[in-house]
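Colleague: The lines below spell out each chain.
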Amino acid sequence: MVADSSSLILLAKCSLLEIVCDLFDVIVPKSVNIEVASEDLVKNYPDAALISDLTSKGAINVQSPGSNKLTLPISLHKGEEDALLLAIKLGRSLFVTDDGKAIKAARFFKVPFIITPKIIVELFRTQKISFKKTRESLEKLGKIGRYSSEIIADALVSLMEEKNDKTNNNKDTRRPFK
Amino acid sequence: MTKPTTIRIPEDLLNEIERFVQESNLDRSTYLREVLRKGFSLDKQDRLLLKYVRKELSQMEVCKELKWNPWEFLSQLKTRNMFLNVELEDWLDASELPS
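As they're listed, the protein sequences go chains U and G. For the first sequence, position 159 (counting from the first letter as 1) is numbered 171 according to my numbering, and the numbering increases by one without interruption. For the second sequence, position 75 (counting from the first letter as 1) is numbered 1524 according to my numbering, and the numbering increases by one without interruption.
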């Protein structure tokens, strides 16, 4: 998956960036790395220090999008554009972004995208994080991450549905044959 | 360096400014320059954030224009009780994680 600045920061804020880096190949273009982990930012923001640390350990892979330029129907900032270009270059890899305009551009190029609340619910669905951690992370996204209450509410409904499915499946497996 | 410019403003506003400047012992030109600078900065922020909400600008485009970093951007959204420009449709259309 190829991430832009907006998602790296939100995943770090929810304390999920390390887990995501452990489970998936997280790739960012150099421009995104500069946007979120420059020397000055690392000194002032713990999230930036974490991103920088993960990058130096190789858990976040910094790659060049190449010299090709996208002919976009809308403008994007360099980091967002490079991340989208990299996702296309890597065979329409999953584009991780929490920016509405970048999502518009991803739709135009038919690049699959994912947003942070979806990643969180998916981590629970695939049993990578607990129900408590999922719920706390979604609530953080609303408060600190400035996600709309409409999306957070829908994500919490999805979470409850996943939880109920898991409970029902467990009950089914325990039911004796008649 | 400063340059002169001319604007027409309503008489009642001008009178109010004159009165305030005299009462506060301020230099009129210095005060007006300061007010213009502050007002311009706030108005620019408001207008660019409105463009962000309408998805005419991305988060990092706004950051570049206003010389903010992404953390300041989130903090400014919070101060103004604003939200990310991601919509319910984006949440519903988002892909699943690769297995």
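Worth double-checking, as some hints may not be accurate.
Here are the simulated lysine-lysine pairs, PhoX-like style, with alpha carbons at most 20 Å apart [claimed, not checked]:
| no. | chain 1 | residue 1 | chain 2 | residue 2 |
| --- | --- | --- | --- | --- |
| 1 | G | Lys1527 | U | Lys90 |
| 2 | G | Lys1527 | U | Lys152 |
| 3 | U | Lys90 | G | Lys1504 |
| 4 | G | Lys1516 | U | Lys122 |
| 5 | G | Lys1504 | U | Lys42 |
| 6 | U | Lys55 | G | Lys1500 |
| 7 | G | Lys1516 | U | Lys155 |
| 8 | U | Lys90 | G | Lys1516 |
| 9 | U | Lys116 | G | Lys1500 |
| 10 | U | Lys55 | U | Lys69 |
| 11 | U | Lys116 | G | Lys1527 |
| 12 | U | Lys90 | G | Lys1500 |
These are computed hints drawn from the structure, not numbers from a lab.
Colleague: For a quick check of understanding: which of the numbered hints are violated here, in increasing order?
Modeller: Per hint list: 1, 4, 5, 6, 7 and 11 violated.
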